[in-house]
Amino acid sequence: MAHEVDPHSCERTPEAIRAALQRRPDWLQGFEQDWLSAAADFDQAALDAVTDKWFPFALACATPGCLDEVEQNVKRMTEGDTEGMVFRDADGTAYDAENRPIDAGRSG
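Numbered according to our numbering, the sequence shown spans residues 28 to 135.
Worth double-checking, as some hints may not be accurate.
Claimed, not checked - Below, simulated SDA-like cross-link-like pairs (lysine to any residue); rule was C-alpha separation at most 25 Å, straight line:
hint	residue 1	residue 2
1	K102	E125
2	K102	E31
3	K102	Q56
4	K102	A117
5	K80	G107
6	K80	L55
7	K102	D33
Claimed, not checked - Using C-beta positions, here's what the derived DEER-type ranges look like:
hint	residue 1	residue 2	range
8	A117	V32	17 to 27 Å
9	Y122	E96	16 to 26 Å
10	P83	T105	17 to 27 Å
Keep in mind that the hints were calculated from the coordinates and are not lab data. Glycine included, each C-beta is placed from N, C-alpha and C at the ideal position.
Kindly generate the complete structure, drawing on both the sequences and the hints.
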């Protein structure tokens with residue numbers, strides 16, 4: 028079952044986002060680049076946009092188990108193991124890995 032991201036797992040501040048992103052150095056690097064670029068222009072709206080952009084990533088990092096499950100699923104897919112995985116299109120229609128429609132309900 029997919030982990031729900033805890034919307035309270037990280038404060039919406041640059042410092043808290045930076046701390047949460049320690050889990051994913053590649054994401055931390057992206058945040059730092061965006062932040063420094065916005066800060067160089069002394070643009071508060073741009074700094075707020077960086078916070079808004081990276082906050083969901085920080086929540087995923089700070090929610091216990093969330094990234095573990097995602098990383099495990101990526102590993103499985105890389106190895107060709109898609110047994111039991113359900114994929115959804117933009118309308119929420121469920122498909123298996125071979126793109127065949129399936130009845131998977133609306134549970135997640």
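Against the structure, the hints come out as follows:
Restraint check for K102 and E125: satisfied, since their Cα atoms lie roughly 18 Å apart, inside the 25 Å limit. For the proposed pair K102 and E31, the alpha carbon gap of about 20 Å is at most 25 Å, so the pair holds. With a C-alpha separation of about 23 Å, the suggested pairing of K102 with Q56 holds against the 25 Å cut-off. In summary, the hint linking K102 to A117 is supported, as the alpha carbons are separated by about 24 Å, within the 25 Å threshold.
Distance hint between K80 and G107 is unfulfilled; the C-alpha atoms sit about 31 Å from each other, more than 25 Å. Annotation: proposed proximity of K80 to L55 holds, straight-line Cα distance about 12 Å (limit 25 Å). As the CA atoms of K102 and D33 are separated by approximately 23 Å, the hinted pair is consistent with the 25 Å bound. Judged by the Cβ atoms, the range 17 to 27 Å given for A117 and V32 holds: they are separated by roughly 20 Å.
Checked against the hint of 16 to 26 Å, the C-beta distance between Y122 and E96 comes to roughly 20 Å, which is consistent with it. Judged by the Cβ atoms, the range 17 to 27 Å given for P83 and T105 holds: they are separated by roughly 24 Å.
Against the hints set out earlier in the document, a violation occurs for number 5 only.
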